[in-house]
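Visitor: Now for the letters of each chain:
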Amino acid sequence: MNRTLGWLVVLGLVAGLVMSFGVAPRDAAQGNVQRIMYLHVPSVLVAYLAFAVVLVASIVYLMTRREAADRIGHASAEVGVLFTAITITSGAIWGKPTWGTWWTWDARLTSVAVLFVMYLGYLLVRGMVDDRERAARYSAVVGIVAALDVPLVHFSVYWWRTLHQPPTMLKPGPSTMPGVFATTLLVNLAVLALVYVFLVSKRVRLLRREEEALA
Amino acid sequence: MNWFEPMMADFAIQVSALKKIYAGRPILSDVNLAIRPGEAVALLGANGAGKTTLLRILATLSRPSRGTAVVAGHDCVKHAERVRECVGFVAHGAWVYDDLTALENLKFWTTLSGRPTDAETLRVALTAVDLDRFAHARVRTFSVGMKRRLALARLTLGRPRVILLDEPFAGLDQQAGKWVDEYLAAFKASGGCVLLTTHSFGRGLGVADRIVILAGGGVVLDTPAAALSNDDVRRLYEAHAEDDA
Amino acid sequence: MIYARRAWIVLWKDALAERRSKEALNALFFFTLLLLFIFQFTLGGDRERLADALPGLLWLGFVLSGLVGLGRAFLTERDHDCWEGLLLSPGDKSAIYLGKLAGNLLLMLLVEAITLVLFGVFFNLDVGRHLPALAGVVVLGTVGFAAVGTLFAAMTAQVRARELLFPVLLLPVLVPVLLASVKATEAVLAGEGLSGVTHWLKLLAAADAVYVAVGVLTFDAILEG
Chain A
1 MNRTLGWLVV LGLVAGLVMS FGVAPRDAAQ GNVQRIMYLH VPSVLVAYLA FAVVLVASIV
61 YLMTRREAAD RIGHASAEVG VLFTAITITS GAIWGKPTWG TWWTWDARLT SVAVLFVMYL
121 GYLLVRGMVD DRERAARYSA VVGIVAALDV PLVHFSVYWW RTLHQPPTML KPGPSTMPGV
181 FATTLLVNLA VLALVYVFLV SKRVRLLRRE EEALA
Chain B
216 MNWFEPMMAD FAIQVSALKK IYAGRPILSD VNLAIRPGEA VALLGANGAG KTTLLRILAT
276 LSRPSRGTAV VAGHDCVKHA ERVRECVGFV AHGAWVYDDL TALENLKFWT TLSGRPTDAE
336 TLRVALTAVD LDRFAHARVR TFSVGMKRRL ALARLTLGRP RVILLDEPFA GLDQQAGKWV
396 DEYLAAFKAS GGCVLLTTHS FGRGLGVADR IVILAGGGVV LDTPAAALSN DDVRRLYEAH
456 AEDDA
Chain C
461 MIYARRAWIV LWKDALAERR SKEALNALFF FTLLLLFIFQ FTLGGDRERL ADALPGLLWL
521 GFVLSGLVGL GRAFLTERDH DCWEGLLLSP GDKSAIYLGK LAGNLLLMLL VEAITLVLFG
581 VFFNLDVGRH LPALAGVVVL GTVGFAAVGT LFAAMTAQVR ARELLFPVLL LPVLVPVLLA
641 SVKATEAVLA GEGLSGVTHW LKLLAAADAV YVAVGVLTFD AILEG
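Chains as they are written, first to last, in the working numbering: chain A, 1 to 215; chain B, 216 to 460; chain C, 461 to 685.
The shape of chain A in the complex, shown without the other chains:
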C-alpha cells in the first residue's frame, strides 16, 4: 500500500512537471518566472491543510491521549513547516525578478512568515522537552493556539499593509485565469497533497518505530 503510494507520488511529480513546463504556456507578462507559481501556490495551500490537521490531531490528543493522534500532529507539523519553507523560498525566488527584491513586507508574505515561526516554535517545544508524553501535551496546546491564531494573523497583517498602500499586485482570480493555467495549478495541488500524505504516513510510521524500539 505504501509502495503504491510512493509510485503514485513519483508519477504525480512527473505529471506535475510536464504540466508546469511542457503543457502550460509561457506567461506573456512575466515570462518563465511565472511557472514558479505552480509550486508556490499549491505549497501554501498544502501547508494550511497540514496545520489544520495539526489542530485536529492536537484536540484529539488532548481529549483521548492517544499516541497515534500525537504522531499525526507531529508529522503533519513537520511536513507543514517544510511546505511553508518551500512557499517562502519559491516566493522569494519569484519576487527577485518580479519585484526586484527577495523580500517585501507584503501582507501574504508576512502572514506566511509568521506561520512559519509559529510552527517552528511547535517543533522546538517537541525538541526541548525530554519526556515524550509531556512533549505531546505541550505541543498540542501550541498547535491549538497557533491554529486559532492563523485567522487573527491573517486579518491583522492584511489590514496593517493595505491601510497604508494598495495591494502590491492584483491577485489573479480564478475566473480571469486561462483554463490551462488553472488546470496546471490544480494538478500540482493534487500532486503536492499526495506528497503530503505520503510524507506524513512515512513519518508517522518512523515515529512509531522509534517508540517501539525504546519501549
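Derived by calculation from the structure, the hints in this document are not laboratory data.
Among these hints, one or two may not hold up.
[Said to hold, decoys possible] Cβ-Cβ distance ranges computed for the label pairs, FRET-style: (1) R507(C) <-> G31(A): 17 to 25 angstroms; (2) A400(B) <-> L494(C): 53 to 61 angstroms; (3) Q500(C) <-> R330(B): 51 to 59 angstroms; (4) V577(C) <-> L206(A): 53 to 61 angstroms; (5) Q500(C) <-> Y158(A): 32 to 40 angstroms; (6) V56(A) <-> D245(B): 32 to 40 angstroms; (7) A68(A) <-> D245(B): 36 to 44 angstroms; (8) R480(C) <-> K393(B): 29 to 37 angstroms; (9) L654(C) <-> G31(A): 46 to 54 angstroms; (10) L654(C) <-> V33(A): 38 to 46 angstroms; (11) M461(C) <-> N262(B): 24 to 32 angstroms.
All of these numbers come straight from a predicted model, not from anything done at the bench.
Glycine included, C-beta positions come from ideal geometry on N, C-alpha and C.
Given chain A's structure and the hints, the job is docking chains B and C onto it.
Guide: Below, chains B and C without anything else, positioned relative to chain A:
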C-alpha cells in the same frame, strides 16, 4: 455514595502489570501490588529502583506507560480527579510559599482543594504538628523539618483516605518522627491506607504491616512485617535490592 | 462559587507574596526606566522622529517588560514543588489559570501605568489628554498578551531552555495583538480617537476571547507537569 463502592474499594491501592518508561528508559517494568484499607506498607529499594515513580503514579502526578493503578476504587488515569479527592501526598517538596506565613500557606491549600478554612480548623492542624507558635512567621525562616511538619499539617487538613509518603522521615527530628508515627497509627486504625517509601531502616517500619522491596523494575519481595526485626529487614534488603543498584 | 473562591485564593496568594517581596515590581520598574534610556540612546535626540515612533516604542516597552514579568510568573510554583500541589488539589484546574492570569494582568497593568507616566515625563507624551481611550486600548491589548503569556509561561516553566523558549513561542502568536494595539495607540496619540480603528479594537477583543478560552480549556494539560 453508591452501593457498590465497598466492593470496589476492597483494596485501597491496586497496581497491576504497571510499566513506566521515562525518557526512553524503563523505570518500572512489571509491578503488581495490592494494599487493603487499614494497612500500611513500607516500600524499600535502592536509589533508582522506582519507588518515587510508583508513588507519583498512584498520586496521579505521572501516568503509567502500561498497566493500571487503582486508588480507592478509582483509576489513576481515567478518574484522576476522584483519586485526588481521596489521596494525601507528601514527597520531597513541602508545597510551601516562602513569602507566606504558615497559617496563610495552610489557608491557601485548603481553599484550593475546595475545603472549609475556618480559623479554628487551621489552628488545630498547626498545633498538632507543634507549629502553633510559628503560625504568623514567614515560611522563609523555617528549617527543613518545620516545612516538613507544615506539609504534614496540610496533609491532615485534606482528610485523605489513602496517604502516600515519599521519605517522610527525611529531615525530621526524633519528636516530629514520633508524631508522624502516632498520626499514621491512628490513621490506619480508622481504616486509612498508608504507602510510604523509606531507606532509613527502623524509621517508618514501625508502622508498616508489610515490607515490599522494589528492584529491577518489579516487586522482588512482599512479606508481612510483624515477624521481622530491623536486622532481618536490612538483610532482606541487601539480598534483594543491592544487586540492582 | 467554590470555583470563584479557588481562583481568588490563587490571586490572593500571588498578590500577597508580591506585596511582601516586591521582587517583580521593583525589578520591572527599574527595567522600564532602563528601556527609556535605551530608546533615547538608540533613536537619538530628534524629538520628531521619537514622536513618530512613540506608539511602537510604548508597546515595545510593554512587550519587553511583559516578557520579563510573565516569564517568572510560575517560578515560585517550582520552589518546594508547589506545582505538584496545584495539580493534585482536587477541582477544576482552569480556576488556577484564571487566578494566575488575574495576578499577571494586575502586575502588567501596574507596570504599564508606570511606563506611561515615565513616557509622559521623558518623552513629552501628553498621557492625561488621551487617558480614557489610551487606557481602553492598553487594557484590551494587555488581556490578550497576558492570556497567552500566562499559558506559555506555565508551559515553559518546566523546560530547560525556558528563557529562550518562552519568547520564541510567545512573540509570533502575539503578532495580531501587537499590530492591533500599536495601530490603535497610533490613532489615539494622533488625537484621532477610536472611531477610525474600531476594526482593530474588534480584533483585539476577538483575540482576547480566543486566548482566554484556549487558556481555560487547555491549562490542565499544561499543569500535568
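Visitor: It remains to establish, for every hint, whether it holds in the given structure.
Guide: Hints, verified against the model:
In this structure, R507(C) and G31(A) break the distance hint of 17 to 25 angstroms, their C-beta atoms being roughly 49 angstroms apart. For A400(B) and L494(C), the hinted distance range of 53 to 61 angstroms is satisfied, since their beta carbons lie about 59 angstroms from each other. Look at Q500(C) against R330(B): about 54 angstroms separates their beta carbons, and that is inside 51 to 59 angstroms. The supplied range of 53 to 61 angstroms is met by V577(C) and L206(A), whose beta-carbon atoms lie about 56 angstroms from each other.
With their beta carbons about 34 angstroms apart, Q500(C) and Y158(A) fall inside the hinted range of 32 to 40 angstroms. Distance hint for V56(A) and D245(B): a CB-CB separation of about 36 angstroms, consistent with the stated range 32 to 40 angstroms. For A68(A) and D245(B), the hinted distance range of 36 to 44 angstroms is not satisfied, since their beta carbons lie about 24 angstroms from each other. The supplied range of 29 to 37 angstroms is met by R480(C) and K393(B), whose beta-carbon atoms lie about 34 angstroms from each other.
Taking 46 to 54 angstroms as the suggested C-beta distance range, the pair L654(C) and G31(A) conforms, at roughly 48 angstroms. Range check, L654(C) to V33(A): Cβ separation about 44 angstroms, and the 38 to 46 angstroms hint holds. Restraint check, M461(C) to N262(B): a C-beta distance of roughly 46 angstroms breaks the suggested window 24 to 32 angstroms.
The structure is inconsistent with the numbered hints 1, 7, 11, although it conforms to all the rest.
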